[in-house]
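J.: Chain order of the listed sequences is X and D.
If you read the first sequence in the numbering used here, its first letter stands for residue 1, the second for the next number, and so on.
If you read the second sequence in the numbering used here, its first letter stands for residue 1, the second for the next number, and so on.
For the record, the hints were derived by calculation from the structure and aren't laboratory data.
One thing to keep in mind: the hints can contain errors.
[Stated by the list, open to error] Once the Cα atoms are required to be at most 30 Å apart in a straight line, the calculated BS3-like pairs of lysine-lysine come out as:
1) D:K198 to D:K167
2) D:K129 to D:K148
3) D:K148 to X:K7
4) D:K121 to D:K167
5) D:K202 to D:K167
6) D:K18 to D:K202
7) X:K7 to D:K198
8) D:K113 to D:K129
9) D:K121 to D:K150
10) X:K7 to D:K121
11) D:K150 to D:K167
12) D:K113 to X:K7
13) D:K150 to X:K7
14) D:K148 to D:K202
15) D:K167 to D:K148
[Said to hold, decoys possible] What the simulated footprint calls covered on chain D by chain X, stretch by stretch (three residues with Cβ under 8 Å from a Cβ of chain X suffice, anywhere in the stretch; the number is not a length):
16) 63-75
17) 83-97
Beta carbons are placed, not taken as given, at the ideal position from N, Cα and C, and that holds for glycine.
Residues per chain, in single letters:
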Amino acid sequence: MFFWIIKRDLLLAVRRRSDVLTTLFFFVIVVSLFPLSVGPEMNLLRTMAPGVVWVAALLASMLSLGRLFSNDYLDGTLEQMLLSPQSFSLLVLGKALAHWLVTGVPLVLMAPVLGIQYDLPADALFVLVVSLLLGTPVLSLIGAIGAALTLGLRGGGVLVSLLVLPLYIPVLIFGAGAVEANMAGVSFEAHLSLLGAFLLVSLVFSPWATASSLRVSME
Amino acid sequence: MLQGSNLACVRGDRRLFKDVNFTLEAGTLMQVHGPNGSGKTSLLRILCGLSNPALGEITWNGTGIRTLGYEYLSNLTYIGHLSGTKDDLTVLENIRISSALAGMQITEAQARKALAYMGLKGRELLPAKVLSQGQRRRVALARLLVCKTKLWILDEPLAALDVMAVKLIQRLLERHLADEGMVIMTTHQDIEVTTFSKVNLKLA
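My request is simple: use the sequences and hints to build the entire structure.
T.: Right, dumping it as structure tokens:
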């Protein structure tokens, strides 16, 4: 059943490619705007790169949060999922995972290409990819809580950013921090371990919190 | 056996109904009557456990449905106002996925058979968005053919259906009741299920 929901959401994403592509292009454009506006100052760009890429990833991931539950809510499938005789938290985890596969993974794959614009060295690119790989699922999982809380509200899109962005800050600090540490020649493992810890904690708590908020939103 | 005692429902400042009592035995159909806005849908949602009653308790074979949780849900199929079909999926994918999510995996042959029964033969591979309102309803109701649940809660199942489809649903309900099933439904049309006991519940 867990796999059915992932399969369904991926199938829907394939049928509606535009949703996936807008998120990805948003990420690409935001990241590319900075080198264009700052100019070819390599040292400045290199220092900015981790922060810019991470902030763009954050915003891109948030952009698609509104659709995470709202479509299912509007056509009644969310109601049916609530009535499913299997764990609702597991279903929600499946949905968050599908969201990550659709929005997070393309960002991770695109990041090294974009990093070249900032003249990042190869090992820094590698750390960037690893940090995004650990961090973007956390964004999807935390974002799911926000999306569930604002489900069915007017102006939910703005509200979800106010709710979720502050919670993204630790991920941002340690994600960008890992790349900065690597470029400064310091060990970056601590940052990545912390990101891994965030991931584990959110894997355990987020589905449960999201499921409870959805139950309240659906009443 | 599903039993509701002293159920009350409040929406905002308005009390929709109070002191609703009923007992539903196996093989019985309960039709909920009442004018628009009398709380029929709210009552059905409460019976599903989607929302909580302001007062009162619902029990399934003597145990509260909240306590039973997933065990109660495994006996239940609910079809509400919203059809629960995904516009971008084909009819066949829709029924297979919605059944799987309801904990009942079906083969493609089973799905095709159910769709054919509902008069959707030849439309299996169309995306649901091109279907008419009545056809969507048929897709949603096709789930009843493949589910193995005992209690069906149907909110206006006959809305948008043509005469032929209404007859199909009638036959389907009769078959389910003959199998010791239970049905709770709201409808403004008159539905005749002969030879089975029917309870009427009136909401003021």
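J.: So, for every hint listed, does it hold in this structure?
T.: For each hint, the structure was consulted:
{"no.": "1", "hint": "D:K198 to D:K167", "verdict": "17 Å, holds"}
{"no.": "2", "hint": "D:K129 to D:K148", "verdict": "28 Å, holds"}
{"no.": "3", "hint": "D:K148 to X:K7", "verdict": "24 Å, holds"}
{"no.": "4", "hint": "D:K121 to D:K167", "verdict": "17 Å, holds"}
{"no.": "5", "hint": "D:K202 to D:K167", "verdict": "24 Å, holds"}
{"no.": "6", "hint": "D:K18 to D:K202", "verdict": "11 Å, holds"}
{"no.": "7", "hint": "X:K7 to D:K198", "verdict": "41 Å, violated"}
{"no.": "8", "hint": "D:K113 to D:K129", "verdict": "21 Å, holds"}
{"no.": "9", "hint": "D:K121 to D:K150", "verdict": "27 Å, holds"}
{"no.": "10", "hint": "X:K7 to D:K121", "verdict": "25 Å, holds"}
{"no.": "11", "hint": "D:K150 to D:K167", "verdict": "21 Å, holds"}
{"no.": "12", "hint": "D:K113 to X:K7", "verdict": "23 Å, holds"}
{"no.": "13", "hint": "D:K150 to X:K7", "verdict": "28 Å, holds"}
{"no.": "14", "hint": "D:K148 to D:K202", "verdict": "29 Å, holds"}
{"no.": "15", "hint": "D:K167 to D:K148", "verdict": "21 Å, holds"}
{"no.": "16", "hint": "63-75", "verdict": "holds (count 4)"}
{"no.": "17", "hint": "83-97", "verdict": "holds (count 9)"}
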